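A.B. asks: Sequence:
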Amino acid sequence: MKGMIRRERVTRFLRNPLMHRASLFIVVVILLNLLYPAGRSGTPVLKEGNIADKDYIAPYTFAIRKSKEELEKERKQAMELTAPVLRLDENAKTESLRRLSVFFQNYEGVDSLTRATIEANKSDFEGLAENVVMQIMKRGVVDDLNSIDFGSKREVAVKRKGGEETRTDIFDLGSAIMFTKEKGMELLGGDEEKVRALVEIVRHSIKPNLIYMGATTVERRRLAAEGVKTTKGVVLKGEMIVRAHDPITKEAIEKLSSLAVETGEERVNTELFGRNLLFVLSLLILFTMLYFIKREVLFDTKKLLFIAIVSLLIVSASSILVRREVSPYLIPVAMGSVLFTILIGEGPAIASIIPLSFILAMFMGLGTTRALFPLSLGIISIFVASRVRKFSDFSKAIPFLAVISIVIAGIFEVYKGVGYKSVVTSLGFAALGGIGSGVLALGLLPLFERAFGITTDLTLVELTDLNHPLLKALSTQAPGTYNHSMLIASMVESAASSVFANSLLARAGAYYHDIGKLKNPQYFIENQRERGNPHDTLRPKISASILRMHVKDGVERAKGEGLPAEIINIIREHHGRTIMESLYYKAKEEDRDVNEEDFRYEGPSPRTKESALVMLADAVEASVRSLDNPTSIRIRGQIEKIILKRVEEGELDNVDITMEDLKRIKDAFYPILMGIFHPRVAYSENKDNRLET
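Counting from 25, one number per residue, gives the positions in the sequence shown under the working numbering.
One or more hints might be untrue.
[Stated by the list, open to error] FRET-style restraints, in silico, Cβ to Cβ: (1) E263 with L301: 29 to 37 Å; (2) N300 with L42: 18 to 26 Å; (3) A646 with K583: 20 to 28 Å; (4) R319 with Q546: 45 to 53 Å; (5) G251 with T294: 27 to 35 Å; (6) F174 with I344: 48 to 56 Å; (7) S176 with Y444: 57 to 65 Å; (8) T273 with L42: 53 to 61 Å; (9) R319 with K583: 29 to 37 Å; (10) L296 with M683: 53 to 61 Å; (11) K576 with E620: 15 to 23 Å; (12) S47 with K583: 27 to 35 Å; (13) T294 with K583: 49 to 57 Å.
I should point out that these hints are in silico values taken from the structure, not numbers from a laboratory.
It should be emphasised that the depicted structure is a prediction, and the values quoted were computed from it without experimental measurement.
No residue lacks a Cβ here, since even glycine has one placed at the ideal position from N, Cα and C.
Given the sequences, and given the hints that come with them, work out the whole structure.
C.D. replies: Have a look at this one:
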């Protein structure tokens, strides 16, 4: 039980929108750190042979660092100069003398001729062999010299109880035998039989007394390499490194590179901390501006994620440009402005571009003045994007973005005072940046719109084109419904602006709210004309089922046609949970035991102002249309009656709408309905009657 409660708490915590926003905040800061280009210490990295653009003076005393190649060479030399380490076996000498003594007792392992030679001169061989063995053991002997990793010098370090000594002439078993032969030839007068006998005696007696310590040797050489100094001199504070307009020498490069490393090492923690403070500050600026400009975006995790993704795409592009040392004028800042403006509005776009510009300035290493480039380009691009009303407007907007980029880049290049060739090159990059931004925005817009469920005004404008296939089908297959939808659209569009709703969305929703009637248009009174009403022959419950299905059919048709979620919601909600009263009361007349739910729309009730406007307009228009004598007073009274009824039924409980808003809606509906349903003068059918002009 406790485990279930704990899991439930964890689940609630993870589903908390505040947790989502905090997680997004942290992830963005981490990604900014990962994308941040290395080497932004502020110390210039110049090339040998270039001309210095200014005096470079040591800001403080620092050591001149050796180059990577120098260090590798010196470390290799240090390792080669480190002698291999061998351990002296103190017992090997005693063991060798014991073997020698045993040999003279049994002559084991030698042929008969050698044995006879030794026996004939035993006293001479005993003294000579012992002398040779002692000389070999004194110098030291290993199994095989080839197994030892010698350095550049042919010497070894021998560890013994009393300390350590260096030796250069140690033996292995092979060289010990050669030494024995040489001694034998010298001391035995060149008698080959006696020399061979001496060699056999020594071979059977000596035991290696030096043992190679491979691991110790490797460790000593590692320490020797680490002990190599990384510096080779000192530059004093105030010392001139290179003068302005002088060629940059190799020595100057070494000093400047050392300064860059020194600066980086001393300031890396401070810089990292400061950089993250600036990242956090930029995001706090974004959140603060969104809070005051358009609070709903701040509390919409999906829209915050959209801002983060677009911003990180632009920052990633700037990071790549920095690493490749390409012009900053190629940064697609305008792409962000266009996407932000079209998808979340001008206010949130400004709130997003300002902190993004600060971050880009950090990434590109721009000075305070040049940091204004992404900011000014971003802000002006928002103005251009705000004029884009339909996708075809991009054909004008993209050239505008290019021109704006060129003008702003030109201003900054002139301010820098660079040469003509540099200005032309920069303007070319600026033009490419502007065009690229526009093209990228055009390509990414539908993807972001679909991925984040954001319906843009561009899409709504396309949907309100009366040549749209669905509207064309409605006009030909259900002309009464089409005319009804056009009237509803006029009503909601008029009311939307007065209650701060999206008039374009409300209008589009009104156009498509009844597309479900395309499946069975003849069952809806506005399409029947002189055909007669098929519901006259149906039971009320069946009629209610048919009428209710137009909502579900409309939702399915809208999904199949790829209409935005906002439009689909308006279709789904435009009847809310209301009852089809005429059919319900007719059913009750036939049978008192009637289930009210069989005559109620499935809903849900409206959740947005736009959806509520379509519901109210739909109900009001139908009610006013049914009036026998639609006078001004009766029309106004009917509007108030229907709206009040929807309020009492709780259909507007989920909408942020006030009584003052409802009054404005009534006032907006009235003149349109009066224009359509006002009383008309009855003219006489007398042929002599004529209209006077």
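A.B. asks: The structure should be examined with respect to each hint, and the outcome stated for every one.
C.D. replies: Results of checking the hints against the structure:
no.	hint	verdict
1	E263 with L301: 29 to 37 Å	holds, 34 Å
2	N300 with L42: 18 to 26 Å	holds, 22 Å
3	A646 with K583: 20 to 28 Å	holds, 26 Å
4	R319 with Q546: 45 to 53 Å	holds, 48 Å
5	G251 with T294: 27 to 35 Å	holds, 30 Å
6	F174 with I344: 48 to 56 Å	holds, 50 Å
7	S176 with Y444: 57 to 65 Å	holds, 59 Å
8	T273 with L42: 53 to 61 Å	holds, 59 Å
9	R319 with K583: 29 to 37 Å	holds, 31 Å
10	L296 with M683: 53 to 61 Å	holds, 56 Å
11	K576 with E620: 15 to 23 Å	holds, 19 Å
12	S47 with K583: 27 to 35 Å	holds, 31 Å
13	T294 with K583: 49 to 57 Å	holds, 56 Å
Going down the numbered hints, you'll see the structure goes against none, and every one checks out.
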